[in-house]
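**Q** Each chain is listed here by its residues.
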Amino acid sequence: MRLPRGFAEWGLVVGTALVAVFVALALVGESLVGPRAVSNILVVDGRVYEVPPLLPPGSSLVVEGRELVFIMGTDQLGRDVFARVVSGARFVLTVAFFSTAISAVIGTILGLLSGYIGGFLDRVLSLVMDSMYAFPGLILAIAIAALLGVGVLNISLAIAVVYIPSYYRMVRGVVLSLKAAPFVEAAVLAGASSWSIVTRHILPNVVPQIVSLLPVSFADAIITEAGLTFLGLGIEPPTPDWGFDLNKGRQFFLAGYWWIGVFPGSMIILSVLGFLLVGESLNELLNPRKVEA
Amino acid sequence: MGLKEHILYRLALTPLMLLVLLTLVFVLMRVLPGDPITMLEGKNIPEDVLARRRAELGLDKPLHIQYVNYLYSVFVKLDLGVTALERIPVSYLIATRLPATVDLAIAGSIVAIAIGVVMGLLSARYEESWFPQFARVYSSVVYSIPVFYLGLLLQVGLARPSGLPTTGRLNPVNMVTLDSLPVRTGFVLLDSLLNWRLDIAADYLMHMLLPALTLGIYLSGIFTRVTYLSVAEAMVQDYTRAARARGIREWRVVARYGFRNALIPLLTMAGLQVAALLGGAVLTETTFNWEGLGLLVYEGVLKRDYAIVQGAVTIYALIVALVSLAVDVAYALVDPRVRY
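Keeping their order, the protein sequence lines are chains A and E. No gaps in the numbering here: position 98 of the first sequence is 98 in the UniProt record's numbering, and each next residue is one more. No gaps in the numbering here: position 338 of the second sequence is 338 in the UniProt record's numbering, and each next residue is one more.
Here are the simulated SDA-like cross-link-like pairs (lysine to any residue), alpha carbons at most 25 Å apart as the crow flies:
#, chain 1, residue 1, chain 2, residue 2
1, A, Lys248, E, Leu158
2, A, Lys248, A, Leu55
3, E, Lys303, A, Pro238
4, E, Lys303, A, Pro237
5, E, Lys303, A, Leu157
6, A, Lys248, E, Thr166
7, A, Lys248, E, Leu153
8, A, Lys248, E, Asn289
9, E, Lys4, A, Leu127
10, A, Lys248, E, Leu164
11, A, Lys248, E, Glu299
12, A, Lys248, E, Arg160
13, A, Lys248, E, Lys303
14, E, Lys77, E, Leu11
15, A, Lys248, E, Pro161
16, E, Lys303, A, Glu236
17, A, Lys248, E, Ala159
18, E, Lys303, A, Leu153
19, E, Lys4, E, Ala326
20, E, Lys303, A, Gln251
21, A, Lys248, E, Thr167
22, A, Lys248, E, Val142
23, E, Lys303, E, Val82
Because the hints were derived from the structure by calculation, they are not lab data.
Looking at chain E on its own, in the form it has when it is part of the complex (with noise of 0.2 Å):
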C-alpha cells in the first residue's frame, strides 16, 4: 500500500471512528433517564408545552428514528444543532472558541517537548550522575500533579509575585480593539501581527504564559521520558562509539548522533498525546478562564446542553483523527525506511 492509499484508508475510518463516539454519545443521553427540556426548565411544565418542545427537538419520535435524524443532521447537514436555551448554532460557537484551543495546545506542545528534550539530552549526557535521576522522579511528579492544582500553583507562586495575568485571554480593551481589526482569521495572535498590532500580541502571548507552562509541564514527564530512553539506546551503538572514537567531542555525539534517533518516538508520542492535550486543555482551560473549546464543554455540562457537548466531542473526534493521520504522515516524511 502507497501514501496515498494509506492516507485514504486512514480518512475513510474516521468517519467510522466519529459514528462510534456519536452512537455512544446518543445512547449515553437517550436511555439515561431526564430529558433536556426537564433538565432546563424544571419537572414543574405544563404537559402541552412539554409535548411541544419535546416534538420541536424531534424528541416523541422512536429512538431509532431520532438516532438516524441525528447521524443525518450530523454527516449529510454538518449541522450540529443549536444551543437549547440562547438557540445560537453550536458550530458558531465552537468556530469562535477553537482557535483558542488550538493556540493553547501548541504553545503547550512546545513547552512539554522543550523541557523534555533537554532533560532527556541532558539525562542522556550525564549518564553516571545523579542527573538522570532527578529526571525520572520529576517525570513521575509531573505525572501525578493535576493539571488544575498545578494551574493554581502557577497562578499564586508565579503570577501573584510577577503581576502576570491569571485569567482571560487578552485585557478588556484589547478585547474590544481586535474586533475592529481589518483583518479577522479568529486567531489572536495571528490577527494582532496581520494588523501590526504588535501590544495586542504581547499583551495574548503574556496572558498565554501561564496556561502554556501549566499544560506542558503537565505534559514534559512523558518526553522526557522518550527522549531519554531512546537517546540512550543509540548511546550505546556502534555508530556512536565509531563517532566517539574519531574524538567527536560527546555533547555533539548527543545532539547528533543520539537524538535523532529520538525523533521518531517522540513524533509518535506526540500524536498520542493529543488526547491528553486536549484533556488537560480542558482543565488547563477552566483554571485559567481561557475561552476556548474546553471552557465551552465545561460551560455545556454546567447548563445541561447536550447540543453543545454533543458538537464539541464531534469536533474532538475529528481533531484526534486527522492528528493520527498527520503524525502518519510525517512519519513517512521523516524516515525514509517507512513504507506503506
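Bound-form chain A, shown alone (with noise of 0.2 Å):
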C-alpha cells in the first residue's frame, strides 16, 4: 500500500469516506438517535421533561440521576441539534437519490430515442432540453417546487426536471457519434430491429458516460435540495432538514447561537463535497487525457 499522491487519488479517497459516512448516517441516523431529533419532550421513566432552549454544545441535563449531553447544543425550539443533523441526512439523500434516477432515466431514454431517431423529433426535443438547460435551474426548480407542494417525491421531481437536459444532451450526443460506428451499421445490415441496435448496442456504451455524470449530479441535487428546503419548499416540520433549520435558525444564528447554524450548515457542505470529490476525482483518474474546465 502506499499513500495516495495528488488531488485525484486524495480526492477519492476523502470523498469516498465521507459519502460512506453520510450514507451509513442516512440509512440508520434516525433510528440511532430516536425522537430527540424531533422534539424537545423527553420521556425518562414514564416522567416527561421539557428540554430548554438554545443550550451551548456540550451542555448536559441531569434527569432521574442521568446524565444527558448534548453534544451540539439546542436549537430554539430545545431539540437536540446533533440528533437532527443526524437524522437530517435521510431526507436530503432520499431527495438526492430520487431526482438523480428520474433525471438520469428520463435524460437518457429522450436521449435515445432523440439521437437515434433524429429528424423533427431530435429537433423539438433539443430546443425544449436547450431551453430549459439555458434556464437558471434553481428558479425553475422553485417555481416546480412551489406548484407541487411538500412530500419526498415533490421535490424529487422538481430537482429533476431541472438536470434532465444535462443527462440528455450527453446522450444524444454519444449515439450521435456511434450511430454512424461501424458495430452499428454490421448490426443494421444484419436486420437487427431498432429496439435491439438501441438496447443492445448503443445503450452499453452510453452506461459508462452515465455513470460518470453521475456523483457530480448527486452533489448538485444535494445543494439544490439545501437551497429550496431554505426557502422553506418541499418540506413540512418537523422533519429534520439542514436547509431548512438553518432558515428556521437565521435569526437566533445571526443573533450569535452560532451553532445552530454551523452544524448544519457544515453538514451540506461535507455532504456536496463528498460526492463531488467522488466525481471529480474519478474523472480525472479515468480519463487522464480529458482535462476539463
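If you follow the hints, you should be able to join the two separate chains into one complex; please do so.
**A** Written as C-alpha cells, this is what we have:
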C-alpha cells in the first residue's frame, strides 16, 4: 500500500469516506438518535421533561440521576442539534437519490430516442432541452416545487426536471457519434430491429458516460435541495433537514447562537463535497487525457 | 453566415426558447391539481364567487384556449398580468425590482472574476508550489458551500464585528430621499451619482458589499479553474518558451502571454454562469433581504401568486437569451479568428 498522490487520488479517498459516512447516516442515523431530533420533550421512566432551548454545545442535563449530553447544543425549540443533523441526512439523501435517478432515466430515454430517431423529434426535443438547460436551474426548481407542494417525491421531481437536460445532451451526443460506428452499421445490415440496436448496441456504450455524471449530479441535487428547503419549499416541519433548519434558526444564528447554523451548514458542505470529490476524482483518474474546465 | 445573420438567427431563436419555457410553466400550473383562487382564498368560498373569479381570470375556458390567450398576452400584448391580491401589474413590479438584481449580478461577477483571475494566475505562476493544490481545494469547497450559508457566515463573521449593514439596500432615510431625487433611472447607484448624492452612493455600496462578496465567492471557484487551466496550457507552448528565452520576466510572461489565452474561456464561462448567477442571486437576495427580482420570485412563491412567478420566469428567460447572444457577439470582437 502506498499513500495517495495528487488531488485526484486524495480526492477519491476523502470523498469516498465522506460519502460512506453520509450514506450510513441516512440509513441508520434516524434510528440511532431517536425522537430527540423532532421534539424537545423527553420521556424518562414515564415522566415528561422539557429540554430548554438554545443550550450551548456540550451542555448536559441531569434527569432522574442520568446525565444527558447535548454535544451540539439545542436549537431554538429545545431540540437536540446533534440528533437533527444526524437524522437530517435521510431526507436530503433520499431526495438527491430520487431526483438523480429520475433525471438520469428520463434524460437517457429521451436522449436515446432523439439521437437515434433524429429528424423532427430530435429538433423539437433539442430545443426544449436546450431552453431548459440555459434557464437558471434553481429558479425552475423553485417554480416547480412551489406548484407541486410538500413531500419527498414532489421536491425530488422539482429537482429532477432541472437535471434532465444534462443527461439528455450527453446521451444524445454519444448516440449521434455511435450511429455511424461500424458495429452499429453491421447490426443494421444483419437485420437487427431498432429496439435491439438501441438497447443492445448503443445503450451499453452510453452507460459508462452516465455513471461518470452521477456523483457530480448527486452533489448538485443536494445543494439544490438545500436551497429549496432553505426557502421553505417541499418540506414539512418537524422533518429534520439541514437547509430548513438553517432557515428556521437564521435569526438565532445571526444573534450569536453559532451552533444552530454552523452544524447544519457544515453537514451540507461536507456531503456535497464528498460526492463532488468522488465524481471529479473518478473522472480525472479514468480519463487522464481529458482536462475538463 | 456573417455576424449580422448570426445575431438575427439567435434573435429569432429567443422567442422559441421563451415559448418552450412558458409552455412548461403553463403545463405545470394548469395540469397540476389546485387553482390560484382556492390557493388564495381557501376552499370554502361560495360556488358563485368561485365561478365569477374563475371567469375573471379566464380559468373557465378550455385549456387550449387558455394557452392561446396566455401566449397572446405575453407575446402580442406584452402583458404579464396583475398580481392576484393587490392587482398590481407584474411588469411594474419587475421593472422596479430588476435594477437591484442587475447591480448585484454585476458586482458579484466582478468579485468572482477578480478572485478567479488572481488565484488562477498565481496557480499558473507558482505551478510547482503548494498554491495550485490549494486553489483546487478552494474551488471544490466553494462549489460545495450553499450560497445562503455563505451569506449567513459573512453576516456573522464580517458584519457583526465591523458594523456593516446586513439587510436591505439603503438606510431608510436614504430610501426616502432617493424617491425625491429629480433624476430617476431606477438604478440606485446611477441615480445617486447623477444627482451628486455621493453619500447615498456610499451607503448603497456598503449595503452591497456583503451580498456581492457572497455571490462572488460562490462563483469564484469555477473562474479560478478556468483561468488556471487555460494559462497553464499556454505556459508550455513554444511562444511562451521563446518569450522566456528572450529574458522576459516570468510574471510578464504569465500576464501577457498566458493570460491572453484565458480571455476566451473566461468569456465563455461568464456567459455560461449567468444562469448560476441568477439562481444564486435568488438565495443571496433572500439572505440579505436585497429587494431584487429573486426576492420577488420568493415572495410570489410564498403568496402562491402565479402571475409573479410566471412573469419572472419570462424575464429570466429573456435575460438568459440576450446574455448568450451578447457573449456570442463578444467572441467575434475579442477573437478575430471567430467567424460566423
